[in-house]
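**Student:** The chain contents come next:
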Amino acid sequence: MEGNYYARRKFALLKNLLEYIGIEPGRLHFSWISSAESTKFQRVAKEVSDAVQAVGPANKLIKELAEVA
Amino acid sequence: MIRYTEKIRQAARQLLESGKVDVFIGFRKGTVPMMSEPTLIRNAQAAETLHWDSNCGINLANYLPKRSERIGIVAKGCDSRNIVTHIVENQIRREQLIIVGVPCEGMVDRRKVTRMAGGDILDVVEEESRIIVTGKAGQQTFDKKDVLQENCAICIHRNPVVYDELVADLVEEQKDVDRYEDIRAIEDKTPEERWEYFQKLIEPCIRCYACRNACPLCYCPTCFVDESKPQWLGKSIDRTDTMTFHFLRAYHCAGRCTDCGACERACPVGIRVRKFTKKLEKDIKELYDWEAGLALDERPPLDRYRPDDPNGFIL
Ligand code: SF4
Ligand code: SF4
Ligand code: SF4
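In order, the protein sequences belong to chains F and Y.
Heads up, the first sequence is in this note's numbering, so the first residue is 140 and it goes up one at a time.
Heads up, the second sequence is in this note's numbering, so the first residue is 5 and it goes up one at a time.
Keep in mind that a hint or two might mislead.
With the Cβ distance kept under 8 Å, some of the chain Y side facing chain F (calculated, not the full set) [said to hold, decoys possible]:
id, residue
1, 34
2, 251
3, 255
4, 292
5, 294
6, 311
7, 319
Straight-line Cα separation of at most 30 Å, DSBU-like style, residue types lysine-lysine; simulated pairs [said to hold, decoys possible]:
id, chain 1, residue 1, chain 2, residue 2
8, Y, 149, F, 199
9, Y, 239, Y, 279
10, F, 199, Y, 239
11, Y, 239, F, 149
What the simulated footprint calls covered on chain F by chain Y, stretch by stretch (three residues with Cβ under 8 Å from a Cβ of chain Y suffice, anywhere in the stretch; the number is not a length) [stated by the list, open to error]:
id, region
12, 140-154
13, 158-168
14, 174-188
15, 193-201
These are calculated hints, taken from the structure and not from any lab test.
Ideal Cβ placement from N, Cα and C applies to all residues, glycine included.
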């Protein structure tokens, strides 16, 4: 339980920093779901999937293969 | 500030002669103008080589981790805050240290001076609030406050936060400075603009890691950039690797960075790496009301929580 609280601070900062460098808001999501909350899990999975699809393909922070001349 | 030199020498001499410390960490004059450099001395005679001026911007706390001797150390506001961080993170014990505090009046940005002087600098003389620079084009005088390092211009903790003795009376802290004007300007851009901004910012980076090496916060035995199993990021100057390096370096400094500017100062190509670390500093202040290195008896912000911490981003 405590771990969630520590992690919350780290994730808040991580999310802000990613958005700050230009990663679109809507790509990164966090949730607290207990193993007993199957309905919540289903709802969140759908929300995340919809939100990420709305932003479109990710083309930042990916590596292109080096071209061999 | 130059007048502090004699006091620092006296303090070092006395500490080494009396055997209260085994080593004394301070600055000496560098071999080129405006480049005072750290020095570790072990005998009282060498105290003569110590020096202080407005070019002592390197953070001396960087030399403390894992030392076992008794140490005398010169500390301006920011060094003292990084010393506190080291103590809190168990890198050094307070009992090992005798801190010679320097009420700081800000450090000079040698790049700015060189630019304003129109090229190479042959000689610099520092007076109270002015610096007189001799370059190829002749002599020029600058007001020190016009050529301060960016972080010093907005510094609100110039006095050391811990010390055993002081070389001068405490200075008045700056009030009403806006520490985050530049960060807000970036935040106000669109994601696309921000991405472009940071791509451009890091473009000249040669991945020399001088910014990391100059920072007292980076003391891990193996840095993530050097690990090969797993290899977190590539060694090339691929844009994604470089961005990942800067992003993660900043993130590792979260809640610990004192905005001492040593990273920026060390960068050979002048990248303003504080544009990353200051964002975290700002968020931590706003979210958790925390400033790094002010208290010896408090755990850092990522090592604690409050049940009612901001929560809005959690689905
Ligand atoms: S950051 Fe503050 S304490 Fe550190 S050198 Fe600059 S003015 Fe001095
Ligand atoms: S990240 Fe830069 S400004 Fe922050 S403590 Fe390290 S060297 Fe100083
Ligand atoms: S010091 Fe400058 S060039 Fe070197 S790794 Fe850091 S930002 Fe890049």
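**Student:** Now tell me, hint by hint, if it's right for this structure.
**Tutor:** Checked hints:
The beta carbon of residue 34/Y comes no nearer than 35 Å to any beta carbon in chain F, farther than 8 Å, and the hint placing it at the interface is violated. Annotation: residue 251/Y was flagged as interfacial toward chain F, and the flag holds, the nearest CB pair being 6 Å apart, inside 8 Å. Taking 8 Å as the C-beta contact cut-off toward chain F, the hint placing residue 255/Y at the interface holds, the least distance being around 6 Å. The criterion of a C-beta within 8 Å of any C-beta in chain F is met by residue 292/Y, whose closest approach is roughly 7 Å, and the hint holds.
At a threshold of 8 Å, the smallest CB-CB gap from residue 294/Y to chain F is about 10 Å, leaving the interface hint violated. Because the smallest distance between the Cβ of residue 311/Y and any Cβ of chain F comes to about 7 Å, under 8 Å, the interface hint for this residue holds. Taking 8 Å as the C-beta cut-off, the interface hint given for residue 319/Y holds, the closest approach to chain F being about 4 Å. For the hint pairing residue 149/Y with residue 199/F, the CA-to-CA distance comes to about 40 Å; that exceeds 30 Å, so the pair is violated.
Using a Cα cut-off of 30 Å, the hinted pair residue 239/Y and residue 279/Y holds, with the two alpha carbons roughly 23 Å apart. Annotation: proposed proximity of residue 199/F to residue 239/Y holds, straight-line Cα distance about 19 Å (limit 30 Å). The suggested pairing of residue 239/Y with residue 149/F holds, with an alpha-carbon distance near 27 Å, which does not exceed 30 Å. For a cut-off of 8 Å, the count of residues in the region 140-154 of chain F with a CB near a CB of chain Y stands at 11, and the three-residue condition holds.
Closer than 8 Å: that is the beta-carbon criterion, and the region 158-168 of chain F has 8 residues meeting it against chain Y, so the requirement of 3 holds. Residues of the region 174-188 of chain F lying with their CB closer than 8 Å to a CB of chain Y number 3, which satisfies the three-residue condition for coverage. Look at the region 193-201 of chain F against chain Y: 3 of its residues bring a Cβ nearer than 8 Å to a Cβ of that chain, three or more, so the hint holds.
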